[in-house]
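*Asks:* According to this note's numbering, the stretch in the sequence shown is residues 224 to 356, in order.
Among these hints, one or two may not hold up.
[As the list claims (entries may be wrong)] Label-pair ranges, simulated between beta-carbon atoms:
(1) W325 - E245: 27 to 33 Å
(2) L293 - Q352: 23 to 29 Å
(3) E227 - Q327: 18 to 24 Å
(4) D287 - I332: 20 to 26 Å
(5) R313 - V280: 47 to 53 Å
(6) G306 - L272: 49 to 55 Å
(7) T228 - L250: 28 to 34 Å
(8) K246 - Q337: 18 to 24 Å
Source of the hints: derived by calculation from the structure; they are not laboratory data. Glycine is no exception: its CB is placed at the ideal position from the N, C-alpha and C atoms.
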Amino acid sequence: MDKETLRQYRSLQREIDDLEREKRRVLDRYLAPAELTGMPGAGGKDSSLEAVVVRRVQYQQLIDDKLDVLIDLRQQIEAAIEGLPSDERRILRLYYVEGMRWEQVALEINYSVQHVWRLHGQILARMRQDERQ
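Make the full structure from the sequences, and use the hints.
*Replies:* Here is the structure:
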(Lines of atoms letter the chains of each structure in order from A and count residues from 1; the text may use other names and numbers.)
(Lines give C-alpha, C1' and ligand atoms only; values in the text may rest on other atoms or scores of the structure.)
Protein backbone atom coordinates (compact mmCIF):
# COMPACT_ATOMS: atom_id res chain seq x y z
CA MET A 1 0.00 0.00 0.00
CA ASP A 2 1.46 3.33 -0.99
CA LYS A 3 0.73 6.88 0.05
CA GLU A 4 -0.91 7.69 -3.28
CA THR A 5 -3.51 4.92 -2.84
CA LEU A 6 -4.25 6.18 0.66
CA ARG A 7 -4.61 9.72 -0.68
CA GLN A 8 -6.86 8.45 -3.47
CA TYR A 9 -9.24 7.03 -0.86
CA ARG A 10 -9.35 10.33 1.01
CA SER A 11 -9.88 12.30 -2.19
CA LEU A 12 -12.63 9.99 -3.44
CA GLN A 13 -14.41 10.20 -0.12
CA ARG A 14 -14.39 14.01 -0.34
CA GLU A 15 -15.65 13.85 -3.93
CA ILE A 16 -18.57 11.65 -2.89
CA ASP A 17 -19.39 14.05 -0.04
CA ASP A 18 -19.35 16.93 -2.53
CA LEU A 19 -21.61 15.03 -4.93
CA GLU A 20 -24.07 14.22 -2.13
CA ARG A 21 -24.22 17.90 -1.12
CA GLU A 22 -24.73 18.92 -4.74
CA LYS A 23 -27.47 16.31 -5.11
CA ARG A 24 -29.31 17.72 -2.08
CA ARG A 25 -28.94 21.27 -3.41
CA VAL A 26 -30.24 20.33 -6.86
CA LEU A 27 -33.10 18.26 -5.49
CA ASP A 28 -34.16 21.10 -3.23
CA ARG A 29 -34.30 23.35 -6.28
CA TYR A 30 -36.13 20.88 -8.55
CA LEU A 31 -38.56 19.67 -5.94
CA ALA A 32 -39.56 23.11 -4.73
CA PRO A 33 -43.38 23.29 -4.42
CA ALA A 34 -43.69 25.84 -7.26
CA GLU A 35 -42.07 23.37 -9.65
CA LEU A 36 -44.58 20.64 -8.91
CA THR A 37 -47.83 22.61 -9.17
CA GLY A 38 -48.61 21.41 -12.67
CA MET A 39 -49.57 24.95 -13.62
CA PRO A 40 -48.98 25.98 -17.23
CA GLY A 41 -45.69 27.75 -17.81
CA ALA A 42 -44.00 26.03 -14.88
CA GLY A 43 -40.88 25.40 -16.93
CA GLY A 44 -41.86 22.90 -19.61
CA LYS A 45 -40.39 19.47 -20.24
CA ASP A 46 -37.22 19.92 -18.11
CA SER A 47 -39.18 20.71 -14.95
CA SER A 48 -41.50 17.70 -15.15
CA LEU A 49 -41.42 15.31 -12.24
CA GLU A 50 -40.47 12.47 -14.58
CA ALA A 51 -37.41 14.32 -15.85
CA VAL A 52 -36.39 15.15 -12.29
CA VAL A 53 -36.68 11.51 -11.26
CA VAL A 54 -34.67 10.30 -14.26
CA ARG A 55 -31.89 12.79 -13.57
CA ARG A 56 -31.92 11.88 -9.88
CA VAL A 57 -31.55 8.18 -10.69
CA GLN A 58 -28.69 8.90 -13.10
CA TYR A 59 -26.94 11.10 -10.57
CA GLN A 60 -27.41 8.51 -7.84
CA GLN A 61 -25.86 5.89 -10.13
CA LEU A 62 -22.81 8.13 -10.54
CA ILE A 63 -22.50 8.39 -6.77
CA ASP A 64 -23.05 4.65 -6.34
CA ASP A 65 -20.30 3.87 -8.87
CA LYS A 66 -17.88 6.07 -6.93
CA LEU A 67 -18.96 4.42 -3.68
CA ASP A 68 -18.13 1.01 -5.19
CA VAL A 69 -14.61 2.24 -5.95
CA LEU A 70 -14.37 3.69 -2.43
CA ILE A 71 -15.39 0.37 -0.87
CA ASP A 72 -12.85 -1.51 -2.97
CA LEU A 73 -10.11 0.91 -1.92
CA ARG A 74 -11.14 0.60 1.73
CA GLN A 75 -10.83 -3.19 1.51
CA GLN A 76 -7.35 -2.81 -0.01
CA ILE A 77 -6.36 -0.40 2.75
CA GLU A 78 -7.66 -2.68 5.49
CA ALA A 79 -5.81 -5.67 4.01
CA ALA A 80 -2.60 -3.63 3.74
CA ILE A 81 -2.70 -2.32 7.31
CA GLU A 82 -4.00 -5.49 8.94
CA GLY A 83 -0.55 -6.55 10.15
CA LEU A 84 0.33 -3.18 11.67
CA PRO A 85 0.14 -2.48 15.40
CA SER A 86 -3.18 -0.94 16.42
CA ASP A 87 -1.72 2.53 17.09
CA GLU A 88 -0.28 2.64 13.59
CA ARG A 89 -3.52 1.44 12.00
CA ARG A 90 -5.33 4.12 13.95
CA ILE A 91 -3.03 6.88 12.67
CA LEU A 92 -3.64 5.82 9.06
CA ARG A 93 -7.38 5.44 9.55
CA LEU A 94 -7.80 8.77 11.31
CA TYR A 95 -5.91 10.66 8.63
CA TYR A 96 -6.78 8.85 5.41
CA VAL A 97 -10.15 7.24 6.16
CA GLU A 98 -11.69 9.68 8.65
CA GLY A 99 -10.14 12.68 6.88
CA MET A 100 -8.77 14.33 10.01
CA ARG A 101 -6.01 16.91 9.81
CA TRP A 102 -2.64 15.96 11.29
CA GLU A 103 -3.25 18.23 14.26
CA GLN A 104 -6.52 16.45 15.01
CA VAL A 105 -4.86 13.03 14.70
CA ALA A 106 -2.14 14.12 17.14
CA LEU A 107 -4.73 15.31 19.66
CA GLU A 108 -6.77 12.14 19.27
CA ILE A 109 -3.85 9.83 20.04
CA ASN A 110 -2.12 12.21 22.46
CA TYR A 111 1.13 12.62 20.52
CA SER A 112 2.81 15.73 19.15
CA VAL A 113 2.18 16.52 15.49
CA GLN A 114 5.88 16.04 14.74
CA HIS A 115 5.85 12.59 16.34
CA VAL A 116 2.76 11.62 14.34
CA TRP A 117 4.50 12.76 11.13
CA ARG A 118 7.58 10.71 12.00
CA LEU A 119 5.46 7.65 12.76
CA HIS A 120 3.52 8.15 9.54
CA GLY A 121 6.74 8.22 7.51
CA GLN A 122 8.02 5.10 9.27
CA ILE A 123 4.75 3.26 8.75
CA LEU A 124 4.68 4.03 5.02
CA ALA A 125 8.35 3.07 4.61
CA ARG A 126 7.72 -0.26 6.35
CA MET A 127 4.63 -0.88 4.23
CA ARG A 128 6.59 -0.21 1.02
CA GLN A 129 9.32 -2.55 2.20
CA ASP A 130 6.78 -5.27 3.02
CA GLU A 131 5.25 -4.93 -0.46
CA ARG A 132 8.62 -5.52 -2.07
CA GLN A 133 9.20 -8.72 -0.13
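*Asks:* Name the hints, by number, that the structure is in violation of.
*Replies:* Violated: hints 4, 5 and 8.
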